[in-house]
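For reference, the chains in residue letters:
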Amino acid sequence: SAVISQKPSRDICQRGTSLTIQCQVDSQVTMMFWYRQQPGQSLTLIATANQGSEATYESGFVIDKFPISRPNLTFSTLTVSNMSPEDSSIYLCSVAGTEMSYEQYFGPGTRLTVT
Amino acid sequence: AQTVTQSQPEMSVQEAETVTLSCTYDTSESDYYLFWYKQPPSRQMILVIRQEAYKQQNATENRFSVNFQKAAKSFSLKISDSQLGDAAMYFCAYRRWATSGSRLTFGEGTQLTVNP
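Sequence order for the protein chains is A and B.
Here the first sequence stands for residues 517 to 631, numbered as in our numbering.
Here the second sequence stands for residues 36 to 151, numbered as in our numbering.
None of these hints come from the bench; they were simulated from the model.
Careful, some of the hints might be misleading.
Said to hold, decoys possible - Capping the alpha-carbon separation at 20 Å, the derived lysine to any residue pairs in SDA-like fashion look like this:
| id | chain 1 | residue 1 | chain 2 | residue 2 |
| --- | --- | --- | --- | --- |
| 1 | A | 523 | B | 79 |
| 2 | A | 523 | B | 76 |
| 3 | A | 523 | A | 629 |
| 4 | A | 523 | B | 77 |
| 5 | B | 108 | B | 42 |
| 6 | B | 90 | B | 66 |
| 7 | B | 108 | B | 92 |
| 8 | B | 90 | A | 619 |
| 9 | A | 581 | A | 602 |
| 10 | B | 108 | B | 43 |
| 11 | B | 108 | B | 64 |
| 12 | A | 581 | A | 536 |
| 13 | A | 523 | B | 78 |
| 14 | B | 90 | B | 105 |
| 15 | B | 90 | B | 113 |
Quick caveat, the model's predicted, so the values are computed rather than measured.
Okay, chain B solo, but in the shape it has when bound (with noise of 0.2 Å):
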């Protein structure tokens, strides 16, 4: 089965710096993706950046990016220039690459401070 690991429950922030949170999992598959999303206080999750496994290069989004190490089974989400908006709980997610079972597996989740 997968697993998805988060070490960092709590992380902060000053506004405008850059932080990174930190995601591993395991698997036993080649093929597969990897998302960060962010549920701030309305619930809603909201889909961050996403990567394909077979890609090598990194993912971006704006001011998101990721860190795929593939071997390592490490995926860490960096935010540039980090805004009062960002202020949420992230959460790494894995998806496995068939057709069914598309279910996601979620880590235990960050809660991401930002200071003004």
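Isolated chain A, as found in the complex (with noise of 0.2 Å):
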């Protein structure tokens, strides 16, 4: 198993500043994803980020919004940018072993809230 760190795990911003979410995993992986999770709501996939390529954004999410950095195989940050009250969220790391790993941990999310 991963054992997976997320810095921080709660902040509160201001409306139109940007926040850098840390990831860290103990182990090295090749998918890393995030996820955002809405209060009361299910996930959602924001982006995948490989080592040493771009990060794939999925539909509804820009890098210009949410860049992401994964400059190694166990760090990876997500910048939410211009935040507004809409962005208020948890937002999760997960990470995947192998190409074939069925598994997928999670890190214990960072909690953000914009006012």
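With the hints as a guide, bring the two chains together.
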């Protein structure tokens, strides 16, 4: 299994500012995923990040709003840019091991509140 | 595109009783994975059980078991001898079999309450 940590665990931010969320994994992983969970709702995939390539964004999510970095096989960041109250959500990092691994592990999430 | 539907927003069960959570999905693929995840108030997503579509035998993990009906595209979760610690949001999820695109597609979730 993989142990994932996220920083910060929670934050309250002013609208118009940006926040960068860090995801650290205790082992090397191929694929990392960033999900958003709006209040009382399910998880929605924002993007998939592979090391050494540009992140792949899902429909409705754009790089200018959610830039992602993946500098190595154990670390990734997600930035929420120019925030508005609608960005208030839990943001979760998830990893899969090998390409054929069925298992996906999740970080503890970052609870973001935008005022 | 694959979709996952959980038609029960909320369920409740008495401690020590059995409860079944429903999930249906839509896919045109023949090979895939299905999962049940649990999310307690701590927000941590915890894998409860998984099922490979090619396996006819239903998966079991201690008090948790599934009823996988591939033709009906149904994947329900049965929790036996419910415990207070089982109270959480439960999400059904689908994953393609392919080596790439191992993203998860989640259902809307079912909030399970366990009454003492």
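- [ ] Take a quick look at whether residue 108(B) and residue 92(B) sit within 20 Å of each other, Cα to Cα.
- [x] 15 Å, holds
Open item on the list: Run the distance test for residue 523(A) versus residue 77(B): straight-line Cα separation, threshold 20 Å.
Closed with: Holds: residue 523(A) and residue 77(B) sit about 15 Å apart, inside 20 Å.
Task: 20 Å Cα cutoff - pair residue 523(A), residue 76(B) - done: The hint holds at about 18 Å.
Task: Proposed proximity, residue 78(B) with residue 523(A) (alpha carbon, max 20 Å) - done: 14 Å, holds
TODO: For the pair supplied as a hint, residue 108(B) and residue 64(B), confirm whether the alpha-carbon distance does not exceed 20 Å.
DONE: 11 Å, holds
Task: Distance restraint between residue 90(B) and residue 105(B), which requires alpha-carbon spacing of 20 Å or less - done: 10 Å, holds
Open item on the list: Need the status of pair residue 108(B), residue 42(B): alpha-carbon distance at most 20 Å?
Closed with: Holds, because 14 Å separates the two Cα atoms, which is no more than 20 Å.
- [ ] Take a quick look at whether residue 108(B) and residue 43(B) sit within 20 Å of each other, Cα to Cα.
- [x] Answer holds: residue 108(B) to residue 43(B) is near 16 Å, not above 20 Å.
- [ ] Sort out whether residue 66(B) lies within 20 Å of residue 90(B), counting only the CA atoms.
- [x] 10 Å, holds
Open item on the list: Next pair to validate is residue 523(A) with residue 79(B); report whether the Cα-Cα distance is within 20 Å.
Closed with: Distance ~14 Å between residue 523(A) and residue 79(B) Cα, so the pair holds.
Task: 20 Å limit on alpha-carbon distance, applied to hinted pair residue 90(B) and residue 113(B) - done: 18 Å, holds
- [ ] Below or equal to 20 Å on CA atoms is what counts here, so check residue 581(A) against residue 536(A).
- [x] With a Cα-Cα distance of about 12 Å, the restraint between residue 581(A) and residue 536(A) holds, given a limit of 20 Å.
The structure meets every hint from the earlier list without exception.
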